[in-house]
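Given chain A, put chain B in place with the hints provided.
Listed in order, the protein sequences are those of chains A and B. Per the numbering used here, residue 2 is the first one in the first sequence, and the count goes up by one each step. Per the numbering used here, residue 3 is the first one in the second sequence, and the count goes up by one each step.
Hints listed in this document are in silico derivations from the structure and should not be mistaken for laboratory results. All C-beta atoms, glycine included, are put in the ideal place defined by N, C-alpha and C. Check before you lean on any hint, since a few could be wrong.
[Said to hold, decoys possible] Heads up, incomplete: computed chain A residues facing chain B, CB under 7 Å, no partners named:
| no. | residue |
| --- | --- |
| 1 | N37 |
| 2 | Q39 |
| 3 | F256 |
| 4 | N327 |
[As the list claims (entries may be wrong)] Cut-off 27 Å, straight-line C-alpha distance, at most; resulting in silico cross-link-like pairs (BS3-like, lysine-lysine):
| no. | chain 1 | residue 1 | chain 2 | residue 2 |
| --- | --- | --- | --- | --- |
| 5 | A | K333 | A | K161 |
| 6 | B | K201 | B | K99 |
| 7 | B | K99 | A | K356 |
| 8 | B | K298 | B | K287 |
| 9 | A | K356 | B | K71 |
| 10 | B | K287 | B | K358 |
| 11 | A | K356 | B | K298 |
| 12 | B | K358 | A | K333 |
| 13 | B | K71 | A | K333 |
| 14 | B | K71 | A | K344 |
| 15 | B | K165 | A | K333 |
One-letter residues, chain by chain:
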Amino acid sequence: MSAYPAVVNSSLPGPQDITRTVLPNGITVLARSNFNSQSVVISGYLQSGSIFDPAGKLGLANFTSLVLMRGTARRTFQQIYDELESVGASLGFNASVHNTGFGGRCLAEDLPMLLSLLSESLQQPVFPPADVERVRAQLLTRLAMRDQDTGDVADLAFEKEIFGDHPYGCPEDGNPETVRPITRDELADFHRRHYGPRGMVVAVVGAVSGDQAVDLVHQALGSWENTDQEPYPPLPEIKPLAATVRRHIPLPGKFQTDLVMGTIGPRRSSPHFHAASLGNSVLGQFGMMGRIGDVVREQSGLAYYASTSLNAWIDAGSWEISAGVNPANLQKAIDLILSELRKFVENGVSQEELKDSQTNFIGRLPLSLESNSGVANALLNIERFELGLDYYQRYADLISAVTPEMVLEAARAFIDPDKLAIISCGPEG
Amino acid sequence: MSESILQTTLSNGLKVQLKEIHTAPIISHWVWYRVGSRDEAPGLTGISHWVEHMQFKGTPKLPAGILDKAISRDGGFWNAFTYLDWTTFFETMPADKIDLALELESDRMFNCLYDPQEVESERTVIISEREGGENEPLFRLGEAVQSAAIRQHPYHHEVIGEKEDLRKITREDLYQHYRRYYLPNNAVLCLAGDFDTQKMLNRIEAVYGGLPAGQPGPHPQIQEPAHEAEERLVITGEGETTFLQVAYPAPAASHPDFFAYTLLDSLLAGPSGLNMFGGGGISNKTSRLYRALVEKELAVAVSGGLQATIDPFLYTATLTIHPARRFEEALQAFDDEIRRLQDEPITRAEIIRAAKQARAMFAYGSENITNQAFWLGYAEMFDHYEWFLNYVARLEQVTPEQVQRIAQTYLQPVRRVVGVYLPEKGASE
Chain A
2 MSAYPAVVNS
12 SLPGPQDITR
22 TVLPNGITVL
32 ARSNFNSQSV
42 VISGYLQSGS
52 IFDPAGKLGL
62 ANFTSLVLMR
72 GTARRTFQQI
82 YDELESVGAS
92 LGFNASVHNT
102 GFGGRCLAED
112 LPMLLSLLSE
122 SLQQPVFPPA
132 DVERVRAQLL
142 TRLAMRDQDT
152 GDVADLAFEK
162 EIFGDHPYGC
172 PEDGNPETVR
182 PITRDELADF
192 HRRHYGPRGM
202 VVAVVGAVSG
212 DQAVDLVHQA
222 LGSWENTDQE
232 PYPPLPEIKP
242 LAATVRRHIP
252 LPGKFQTDLV
262 MGTIGPRRSS
272 PHFHAASLGN
282 SVLGQFGMMG
292 RIGDVVREQS
302 GLAYYASTSL
312 NAWIDAGSWE
322 ISAGVNPANL
332 QKAIDLILSE
342 LRKFVENGVS
352 QEELKDSQTN
362 FIGRLPLSLE
372 SNSGVANALL
382 NIERFELGLD
392 YYQRYADLIS
402 AVTPEMVLEA
412 ARAFIDPDKL
422 AIISCGPEG
Chain B
3 MSESILQTTL
13 SNGLKVQLKE
23 IHTAPIISHW
33 VWYRVGSRDE
43 APGLTGISHW
53 VEHMQFKGTP
63 KLPAGILDKA
73 ISRDGGFWNA
83 FTYLDWTTFF
93 ETMPADKIDL
103 ALELESDRMF
113 NCLYDPQEVE
123 SERTVIISER
133 EGGENEPLFR
143 LGEAVQSAAI
153 RQHPYHHEVI
163 GEKEDLRKIT
173 REDLYQHYRR
183 YYLPNNAVLC
193 LAGDFDTQKM
203 LNRIEAVYGG
213 LPAGQPGPHP
223 QIQEPAHEAE
233 ERLVITGEGE
243 TTFLQVAYPA
253 PAASHPDFFA
263 YTLLDSLLAG
273 PSGLNMFGGG
283 GISNKTSRLY
293 RALVEKELAV
303 AVSGGLQATI
313 DPFLYTATLT
323 IHPARRFEEA
333 LQAFDDEIRR
343 LQDEPITRAE
353 IIRAAKQARA
363 MFAYGSENIT
373 NQAFWLGYAE
383 MFDHYEWFLN
393 YVARLEQVTP
403 EQVQRIAQTY
413 LQPVRRVVGV
423 YLPEKGASE
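Pulled out of the complex, with its shape left as it was, chain B reads as follows:
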């Protein structure tokens, strides 16, 4: 992770990060905005994601329907994602066609129409997206656990938003949210691929340099109080499968504890990579939870989830319970594994192994230029690019004592929420 990149900031505050890669005639272009569901007030949940959708509905210069055709015609692809802390838009194009991406992203930073009719038709699309999620037991369980584990901070709600808010949000709400956060000085522009850095920077200056800076909207300053007693919740629904999700508090990604926590997750539930495109993960069959739960036939699958976020969020472990077992049995075995981490220090060899796994996954992810451009901006959203560059080294520096302390401080029963999805015939009637 030592390749050099160019980092600079235009006079209007737009941060720019460029990385030349000449392995294929491809360039990937990303604009990241510092706005996500974290920035949503009660009653307006889901608005950041909806704004992201409206950004595809056209400007006076580039009306809806023109852009997607133009991108496709050149053999490119584009998409966007909204998350807790950020919203990002990308285009990956044949290198000689990348100018279209620059033009369209600078245009839609300010000039989107938010046509009232388009707002209404998108309302149905987004409610339909949410209903697709509600079809899934794990979406319903995850939403319930997250909202029980986080009470006051806006991380309380899912990115998609609450259905009643999605029914009420107005065109004006959306437009204001757009204008408040879509500013050059609230954004990071990242390009990776087959270009000459100086020429690209000149072009960026010409296309983005004239956009006016503004006063970005506020971010929340809410500190989530610690839980003082374990909370349990049960969701019922159709099906035959029981799911268990346990959520513990986790630190911000920039917190010194974060890497030791990442290592703990890797040992407990298997390594997770930072690849969004290509690469994928590896299996977790030698992880502690797999051995204790799946090999012992208490569960059929386990996974862990630690998210890199600006404010403290959650660490979740999710278990698919074995059809012949009760969730209480699996929870007990799970607790035994947590206790083991609290009581016995891990070994240095386990740390070195986790670092090698991470190194391999970075090699897989670097095959893909879209993924490399994703990496340029991702860590900027919750820390700095250095966070990403130092990822493997910081995993290697973790000590057994740190991991033990993480287990003792964060993985306390009183600080957690335990959620169960229990299948019940006729639950929906």
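Just chain A, with the same shape it has in the complex:
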């Protein structure tokens, strides 16, 4: 293995410098110190994602998360933000499919304040009716803008196509017709039934010791209980596409077409995950966006961007190619991408291509972990996907162990060039 870059394990987070504690009420606290800067990041999640959105009320989880800081039993909206902004701190919530996430940052001296605002927002939000309406108007405006954004529209249609009625196929921020009827009481009810300490994770990274971080979280959130907190519902099965679906969504007044095509990808716990990630890198990431970037952008000048991404979540994933092209070049771009996909599933990747991506994955790890938020993300990944505290120290070995055969197997397990969702959004076709 001497051909691979040597990574100094001690600079990567591991059991020796990650503090992990589960509080008696079920909250997992992860912490890692960094005294190089005076700042601290907090980041984490609860089990109250859009997975709980009723069919006609898509966006309920997200709407709830956005009203948490609009007023608590102790403070008004302006008082909350005055505390935060006066010291240059930030805190915010949003919902994904499985979780409500939160994130904030401050100078180390202000960490107790930040944690107490987090705790108050989670435990004592009062959902003031006037604020609910203000947030609704902001949400509806954002949705109207989203529905005019060619990239967003193509993405949403793509996810619907491959995931159907599974929550992965539904927008977390909902749709105008599902957000409009949500009532203030439904937000409060969602909060009561789904927000609680069970399954909650908090990462604290920055100029604070691990023990102190745990103590501060314990003081802020250790006494929280919610006996009404509901377990996750069962998820519908995801059925693979039986044949290619090609759809163009016209948006008048646009000049460029956004293209999203692809299929279902591995879940994060899939044994194919690392091989698929490396294959994806060769296909549409490495260098100037891999083989696809090279053919579509560099050689043909067809697009401003063309790349692939592999998104692996808990229950499934997506493997997608996206590009922004002039409408006249759309079909040409699709054809080029299809031919690259065929080559990919027929021949896989060469030993040399694979090694390039392996050294890239291993070499860039320290870069992704230099900032507090980068480390906090890593800690949450470890927890969310049960990777083990030593995951980042084992990472180089895991990546180096992937062979071209494993990549080919992963490619064939997920990509069938005759069974893709191909969605475009732009001017009338």
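Chain B alone, transformed into the frame defined by chain A:
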């Protein structure tokens, strides 16, 4: 902001700034050129940005496709940006691989090929980038406001350039622009990260020292005449959302008024940080415009933009209008807030608060070595590194009277442009 750095100039005029940071095994390397859209003649708008793209297309020694693979293979990342006054290229690499960055940047300062075929394929890529922008209502509005607010100075046009120019610019135009401005004595080289300053300086001398100085192309000497009457413009397009943008004149970044103006922007629309990587900003929910417009349900979002530039540019306030309101109502409330700044001096406490916010954002930005290297060169492009070092102190020194005078002199209705994006069904037909 008091850490020591090494500042020196090589005999060929290349300015060098080095800062040792030993928090992670990473080095970030930046070359800044004093050329941007400010230096473009009519008919050649967008040429600086296009030249930046061509710099990635290879030299005889390092052909296209080799470099991006070499950077990625080592786990690094690179990119480039073109702005009004400057163009910059950076690589962030594992510390033991940084030599590649030195070699490639010194090579492409002189030896890029500008292959005619590559020029043609990049033409489509850049027009596609522009069309991606044209899909966005705020790009169209911003472009219209900027060109109405600045009539004679080259800041009149967007960095991306006018589409008709992008169709006509030739390989010769590009090559000449490259040769005219890409010279060691028109550049600043900045490195931050895990190195020994003296050893790094020796290496820089060896790699860059032999490059010949030249006579850099001229910069414009155009003084933009002041507007004498308010101008209003309306753009129509698809969608449901109305946007309002108000542009006032702003001084050069080196002008004594600039910091008081920055403070005014911070109070009016919320603080903006100088972080390009990591850190991000903080919310603006206690800013005067947010309280007067968003809390009063006249708008759903507000933002302010003051750019640090060589020549006087613009201060813009951008409002996303509440779906149930007309833009005239929001504009009236906006004007009331401007009048308040003109009539009543702000308090000392507001100044101290803004300085603390700035200090916190600098702490966030300093977690990231790429961002620290960015800071080394950024202020050199429109003033000096000291501008950056003294940023927080100069904010603290601002007086209430200065802010009031800025509001009275710069924020006059007769000196502004008011632009509106009005959604209209079928506008594009």
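When the hints from earlier in the document are held up against this structure, which numbers fail? Numbers 11, 12, in rising order.
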